[in-house]
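Participant: Protein chains in written order, with the working numbering: chain U, 1 to 380; chain L, 1 to 380; chain V, 1 to 380; chain X, 1 to 380.
Some hints here could point you the wrong way.
It does not matter which identical chain is meant; a pair holds if it fits inside one copy or across any two.
[Claimed, not checked] Computed cross-link-like contacts, BS3-like style, restricted to lysine-lysine with a CA-CA straight-line distance of at most 30 Å:
#, residue 1, residue 2
1, K30, K366
2, K3, K187
3, K9, K187
4, K366, K106
5, K30, K187
6, K3, K366
7, K30, K106
8, K187, K366
9, K9, K366
10, K3, K106
Since the hints were derived computationally from the structure, they do not count as laboratory data. Keep in mind that this is a model prediction, so the values were computed, not measured.
Read off the chains here:
Number of protein chains: 4
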Amino acid sequence: MEKRWQLLKISEESRRALYDPSASLEHYEKNIENCIGSVRIPVGLAGPLRVRGMFASGDFYVPLATTEAALVASYSRGAQAITEAGGCVSILLHEGMRRTPGFAFKSITEAGLFSIWCMENRDALHAAAGTTTRHGELTDLGMAIEGNHVYLILEFVTGDASGQNMVTIATQAICEYVVAHSPVTPKYHFVEANLSGDKKATAHSFVTVRGKKVSAEVTLPAALVQERLHTTPQLMERYWKMSAIGAIQSGSIGVQGHYANALAAFYIACGQDPACVAESAVGVTRFEVTDEGDLYTAVTLPSIVVGTVGGGTGLPSQRACLEILGLAGEGKAQGLAEVCGALALAGELSITGALCSGEFTRAHQKLARGDEANKEKGHG
Amino acid sequence: MEKRWQLLKISEESRRALYDPSASLEHYEKNIENCIGSVRIPVGLAGPLRVRGMFASGDFYVPLATTEAALVASYSRGAQAITEAGGCVSILLHEGMRRTPGFAFKSITEAGLFSIWCMENRDALHAAAGTTTRHGELTDLGMAIEGNHVYLILEFVTGDASGQNMVTIATQAICEYVVAHSPVTPKYHFVEANLSGDKKATAHSFVTVRGKKVSAEVTLPAALVQERLHTTPQLMERYWKMSAIGAIQSGSIGVQGHYANALAAFYIACGQDPACVAESAVGVTRFEVTDEGDLYTAVTLPSIVVGTVGGGTGLPSQRACLEILGLAGEGKAQGLAEVCGALALAGELSITGALCSGEFTRAHQKLARGDEANKEKGHG
Amino acid sequence: MEKRWQLLKISEESRRALYDPSASLEHYEKNIENCIGSVRIPVGLAGPLRVRGMFASGDFYVPLATTEAALVASYSRGAQAITEAGGCVSILLHEGMRRTPGFAFKSITEAGLFSIWCMENRDALHAAAGTTTRHGELTDLGMAIEGNHVYLILEFVTGDASGQNMVTIATQAICEYVVAHSPVTPKYHFVEANLSGDKKATAHSFVTVRGKKVSAEVTLPAALVQERLHTTPQLMERYWKMSAIGAIQSGSIGVQGHYANALAAFYIACGQDPACVAESAVGVTRFEVTDEGDLYTAVTLPSIVVGTVGGGTGLPSQRACLEILGLAGEGKAQGLAEVCGALALAGELSITGALCSGEFTRAHQKLARGDEANKEKGHG
Amino acid sequence: MEKRWQLLKISEESRRALYDPSASLEHYEKNIENCIGSVRIPVGLAGPLRVRGMFASGDFYVPLATTEAALVASYSRGAQAITEAGGCVSILLHEGMRRTPGFAFKSITEAGLFSIWCMENRDALHAAAGTTTRHGELTDLGMAIEGNHVYLILEFVTGDASGQNMVTIATQAICEYVVAHSPVTPKYHFVEANLSGDKKATAHSFVTVRGKKVSAEVTLPAALVQERLHTTPQLMERYWKMSAIGAIQSGSIGVQGHYANALAAFYIACGQDPACVAESAVGVTRFEVTDEGDLYTAVTLPSIVVGTVGGGTGLPSQRACLEILGLAGEGKAQGLAEVCGALALAGELSITGALCSGEFTRAHQKLARGDEANKEKGHG
């Protein structure tokens, strides 16, 4: 473990937060009620993972908090393959956090009038939101009319916070403004009417965004696929086809392997909200043999919900994990999302490789026998 | 905190595991690779939550591990309302863990022959699976033919384990058997071809099951709704209608509010796999005003993935949380799923109440101001 | 039949086209290849249906072409109930026809550059589309990047044509423009890459539009529900809840009863493309008991694909059906969509009434016995 | 046209039904109410289409009724390519028509008791259904409990009828039996509670069936792809990848191109219910370059709803179309479904070829100019 720490160059304080958490419970009291203690989730490092993003650039050792054996090893294997191939590109494509208040009227006619009025007064709505926050801003205003109900689809940027709290308060201000000023008064309204995708997987996310949308890609030479993943680009593409159609028949949203493993372990380590795994574990993975016979792989995640301020990001051990990445605090949320995308890419490579080479089962078998040898390799 | 501990009557050792985790890192080494320490997630108690299930019965204080302020308070509020109403019924409806290996053939004709052969030899497949496990058993065998590809849909019971590991090994045995004995040999095959819903939300889950399917219900008298949730059954039903249609328009799977919050905090506390939040946070919530003017509420979750042995359930602080529930170890997994259902019910009541009474935003506003007073109440 | 004709006041020529089609096959030769004759689909009238729309206003007798017994009678029953209640409001909310060409690049980086270039040159793209059509216009330009692939999401208005042909040609012009002028050249591209929802039900449609989005509503007094539908608003709301949750569990898109029946019969009668039933039969139906105890019902269809010029709309018998509605030719497509919405509303009322009163089965039983008496009433 | 007729060897009466429908309106009166005449839909022949199925075998000229120019030509082109390649295999995989009655109880406990009672009495339910029909039979009984609601999932075989009517009557008998005999009496119930997928696309269909599930495949040599479709297997596979991911991002159910075009034209010609296009136009298309460089293509449609008796199948012009196929009357429904699958395959080949070669747009452009020359070729 000492060797790993030396790789990281982080402060003694961070190190202590991760290694000896015994003294730190009082730091958590603003984040919990009815506290009786804490659970401890071990953190392993996956990497190095070379990322060439717009906001994150360099070789990252990614902290993953999990109690599932072999998970860190599997991600680490994928990360190393990416790094040996020269790294992956991971790009933040779009940002936006949504709230969708709902308003009930007497009739469609009133609903229509209200909608038109909102559109015409979007500057005022923007201003109302602006009174509540310096970091957030209303960036888009949409509308869904369903009979005499109107859903406003409000999209905000939220700075370095994941932003659910910020957009709720801003939306409340918008609701109060429209109720006070609209020429037609709603019979009742709710600050959130469940069209926002909060804490759930939705098809909606692909054509919009929830949080941060990231796409990442890498091309692994065939020789590297053989050496690191013990299979061929051809078989991995075949797996992709069969598994994509498997996912489609299951009625999943998007097609991917196990983004949730990456996201849960990363979110927990880095003080993100792990309930957001429900909405974030959606996207598209694609494997393709290139004209040169190498393996092109891309992942696209439309709903990464991360921040580097607020929530659990300031807690001692969680902040230490962000520091390991060099992504703690102001100005770092976009880079954090790009690392997320790169990590998901590493995981898709590793698990698909393991399913193609037969190592997926062998890893499970070794786990079942408690064979520790396996753990240095890790296959999903 | 002392008062809370006295409520719980658990062993000194468990108490220490939660309260002073400093000595315990070596216990985690079989569950992690490349370890550099641990993150600490504070645990709060929600309850008492009275559950009248087939496997779980009594008043539970539910440990929730989260860094999201107000979450525990909100669930606790819902739990207390349920308990005051006499408790909720929560019933395990169905169990089954799936693996879906995929086989590629030269033609549909071969695929068809293979499928028929599998059906005719299901006893042999059952036996092959049985060689790998004493706790698991193949309970259902389905098939999806897509051109020259065949997906076997294997469903197992897995005893008290969540079972992903167990079913992988059993499926491997089945794959080896069919490859060795089938009159048509697949060109290639994979032990899992992504029709199983592993780590992802799928529409499939409603008509099948993934893990454990639970439904829970409670009727809250109108007076209790007013006193505890500060709103009316009528408005809560109205919210349900608008939010259900909101969810439908977003392309979500099922309709519910925020199961993910309950599941993530509960899974982390109790040593479950938090990546399974991706597949578990799916279901149906229903609010209805009864003929007597009271509030009937039900939740149905078809994909709860929990176990009481294996995975992270034996780790010190995690096991302590299971002990708080009285649900550690053998024979307890079904009860754990019923508590999950009851907890999700508590959360849907609390958040919907908060959205109807306006407290949802006020809670967020207080959080933003760091107002601690709010935290004793908690609204989602 | 004579009496029905007198209601309609249409030209002798239209009447002949519907009643004696023997002479008209040559009119069809531009609409078919390898012709061997024609099938005859009988047309019945449902109505009167009172519509109070922005583009369609008045009492309509709606021509429905079907070979399914009881269908016309059922829609007619619903239409009459609406009319007795004073008519329904049906409002066109949004219009837009999509094409989604796809472009493949070497890398995400190139894909990103291309996307930015497209955004910066949207006026030129608008102009390129404009060279191909006087009636259509590019109204929105979106983008979905997935790895090194870019999908342009082009939305057009298309005048009175349903517009699939028009938008294909305009999209081709845009593709040619971008390939010629973009600083990065795609490796290959396709004029349509299947994100448009053409000929298929998609979740996408709710947050966008495909063709025309319409919402229609009516409130039926309780006495009228009893008299016409032989049930109560309370039971119809209960049915709605159970059936909405049924649909959700089936993994359908939206929740509704049988829009497809209305749309297929209406599209065939009026020279629309019946394959578009696949994309149009999606939406949300809502039933609600009002504070006064009456029945509020709304339908919202985001993907009505209709036109009054082009396609089959100029063929003799089809044009006669449009003339019966007073909606043939230029300037009428928006009204046609509003009638569609009203018709779907009539159908949801009638079938739900029949399911609540028990008449749904009795209608089927009578059909099975060939009992003609039933047909004057019609229940779904 | 005379030449085409000579190909077909059908009776003079059938020929007259298609060619001179003037005398036949009285035949339709049991299939329509409030009749004012008929619309005429021209019928073209696509083919020859060589099908090697279990129930349909031989070269078929497929009648398609449509007013969309180029549609028949496009399907004919695909059919001819299949035939030149030696024909396609099309296999009926599974049959079953569903009804899903819903029952409301006081509590989950009652719901559970009811469910268990139904399971224990499935023979009696089978018998109750059997009293209503000689052709249909209850083949599967499933259950979905949601709070205090129970949905029975009843699956029937229905002989040569599409069967919606038959299963409604049988389900009514089952409902009456359970209400009379169950130890717990439902508060209310409905013969259909919208979990059946009737008239709507559902994700449910892949893991079950609705009507008839068919899969069809063909391998086209690369030279034939070039000669007939003017493109290469490689580019068609690339198109498939991009379009599959396009469809996935749109939130469609399954991935396919335009099954709806085939199904609507075929259903209308052959007296099927065109509203069922809504549920049938769902499935999976797959294109793959084989190891030999040829093009493997498969389609799988889980929800083909067809019959050869009942509905519109006995009407003069519709019956003539069934006779052209040699699939009129008793014992032919399964073969009809296999032809449907083969036809969908032809269409996917033709449209994808056209999108790859650029002919898709050229076909639209020629249509726009009214250029008849195009029509002999046809590209989607």
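Participant: Taking the hints in turn, state whether each one holds.
Facilitator: We went through each hint and held it up to the structure:
Proximity of K30 to K366 under the C-alpha cut-off of 30 Å is restricted to the inter-copy arrangement: shortest distance 12 Å between copies versus 42 Å within a copy. With identical chains, the CA atoms of K3 and K187 are never at most 30 Å apart, being 64 Å at best within one copy and 46 Å at best between copies. In the homo-oligomer, the alpha carbons of K9 and K187 never lie at most 30 Å apart, since the shortest distance is 59 Å inside one protomer and 44 Å across protomers. For the identical chains of this complex, K366 and K106 are neighbours neither inside a copy (64 Å) nor across copies (33 Å), given an alpha-carbon limit of 30 Å.
Neither within a single protomer nor between protomers do K30 and K187 lie at most 30 Å apart by alpha-carbon distance, with minima of 37 Å and 48 Å respectively. For the homomeric pair K3 and K366, the shortest alpha-carbon distance inside one copy (26 Å) is at most 30 Å, but the shortest distance between copies (44 Å) is not. Within a single copy, K30 and K106 get their C-alpha atoms no closer than 43 Å, and across copies no closer than 42 Å, so neither meets the 30 Å cut-off. Only between protomers do K187 and K366 lie at most 30 Å apart by alpha-carbon distance; the minimum there is 27 Å, versus 62 Å within a single protomer.
Taking the shortest Cα distances, K9 and K366 never come within 30 Å of each other, neither inside one copy (34 Å) nor across copies (38 Å). For the homomeric pair K3 and K106, neither the shortest alpha-carbon distance inside one copy (68 Å) nor that between copies (39 Å) is at most 30 Å.
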